[in-house]
Amino acid sequence: MSYVPHTQEDIQQMLSTIGVKSVADLFKDIPASLRPKSFNLPESKSEFAVTAALSKLAFKNATGLINFVGGGFYDHFIPAAVDALAGRSEFYTAYTPYQPECSQGWLQAIYEYQSIICQLTGLDISNASLYDGGTALFEAMMMAVRHTGRNKVILDSGVNLIYRTMLYTYTSNLSIEFVEIPVVHGQSSRQDLLKYVDDQTAAVIFQNPNFFGAVDDYSDMVEKVHEFGALAIACVYPVSLGMLKTPGEMGFDIACGEGQSLGIPLSFGGPYLGFMAVKSQFVRQIPGRIVGATVDSDGKRGFVLTLQTREQHIRRERATSNICSNEALCALRAAIFVSLLGKAGFKELARQNYQKSEFAKEALSRVKGVQVKRSSPTFNEFTVLLPCNADTVVQRMIEKGFACGFPLGRFYKGMDNYLLIAVTEKRTKEEIQRLADTLEAVL
Amino acid sequence: MNIPKNILYTKEHEWARIEGKVAFVGITDYAQHSLGDITFVELPKVGEILKQSAYCATVESVKAASDVYAPLSGKVVAVNTQLATHPELINQSAYEAGYFYSVEFLNQAEQSNLMDAASYQKYVEGISK
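Residue numbers (our numbering), protein chains in the order written: chain C, 37 to 479; chain V, 74 to 202.
Hints are computed from structural coordinates only; laboratory data are not their basis.
Check each hint, because a few of them may be wrong.
Straight-line alpha carbon distances no greater than 25 Å define the calculated BS3-like cross-link-like pairs of lysine-lysine that follow [as the list claims (entries may be wrong)]: (1) 392(C) to 404(C); (2) 118(V) to 315(C); (3) 379(C) to 281(C); (4) 92(C) to 81(C); (5) 188(C) to 78(V); (6) 260(C) to 118(V); (7) 281(C) to 404(C); (8) 281(C) to 92(C); (9) 57(C) to 81(C).
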């Protein structure tokens, strides 16, 4: 392949073939106000000058805050061994192995990641990962739509608004009919579910713990959903599965979620990790890559990318999804993180999150004007009612060195005075007590 | 090559056996042989309306997924549920136990677009040469 740029003649020929006058015409769908005024860029600067300018910008971020913000993404401890192992040159690519049989080490790592996801969710088949929690939920929903041949989706409003927005955006040109059922006192309304689920329903989607942190046993709801031939989808927080009933145990057909909490640092915009597991009967419908174990001609154990006929490079437009890749490096981090903790360590991690969060509830309930909501059991995140606007309180707390929580009014109407507080294993007793004292001082 | 006399064939190697108002549909012995070991079939849904020559099913063998086209238009009456767990029936018995589905056909005249055993035999010999 030659790297000679297109000549004016080439460009004219291409333009006339597609019936466009000039290159500028190709951009006319973009409003003029959004187009660059000029490409006349400022003079270049030295590396030193650029580094200094960027450091100055970065310094504007509030760093070093004591973090009590969750809302789907959590501040968990990441052992140094995760970086050391995932950073090895043999592994250090975000990309999926395209010559799979040559990449036995990678395939084994993904196979182990899949095994871990299956164990955590209590389901049979995991794919090699998807881009993030939101895309995983979208893929789960579309899988249910394809499988049932129906287009009505019931969405619990306890599902993270970010994910709900993604579902609406992704399906804006598809004829999916969404019904949202409300959350009442932290729990999904069982009556509303029964009112809306019918034989036209493709899927019912729950989140556990839900956005308010409330934990529920959805077994009875899943049973109802199945009576109508629809699929039940659970969006779950993996760390909580060290302690809570698994989606598999509740009878869910599909579990998915955000894998950031498994050894991936908090970062605005990611990269994060979508995971997805299904019952074995859906092995042909699950999107994305799957690594399988097999034996070679000498009978030695080996790994392969398997069941590829579901995927777009073979099935074209009838593929299970247009996701043909995975989030390999993040999946590797998750596999290393969980392996380092081991079974007992993972349970201990979940237990610490739960107990520290319960301790925070106690500490905060002693703060004058703060009302801790206790209508539902929670895992490591809970809701408090403040005597004033939560956004204002968050601002004041930042000045005192705390990221004290997520103001629920940003996502839910009429909840301006509610604050969502997450407590991970990283928060010490002392930090939690200081959170309570500082809150008392700023209120 | 097994090419039974009493049934109709398409150029895409599907067959249709007419029984009253219903046609049984599958892929031919030639097709199953060319595909090799079949590992999975995706069948149409009961009640689905199919159009002659349009996509109706997918057959997967070890390395490929192939589309299957409906030999006749009509409404799917039943599908061969055995194939979900035993896709190898297509290899073992392409014209009997390995059938795909049965369809209540809409238009008898469409049958004239299909080949009889003798024409199909010739057609297959033409491909093999």
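Against the structure, test the hints numbered earlier, and report the numbers of the ones violated in rising order.
-> Violated: hints 5, 7, 8 and 9.
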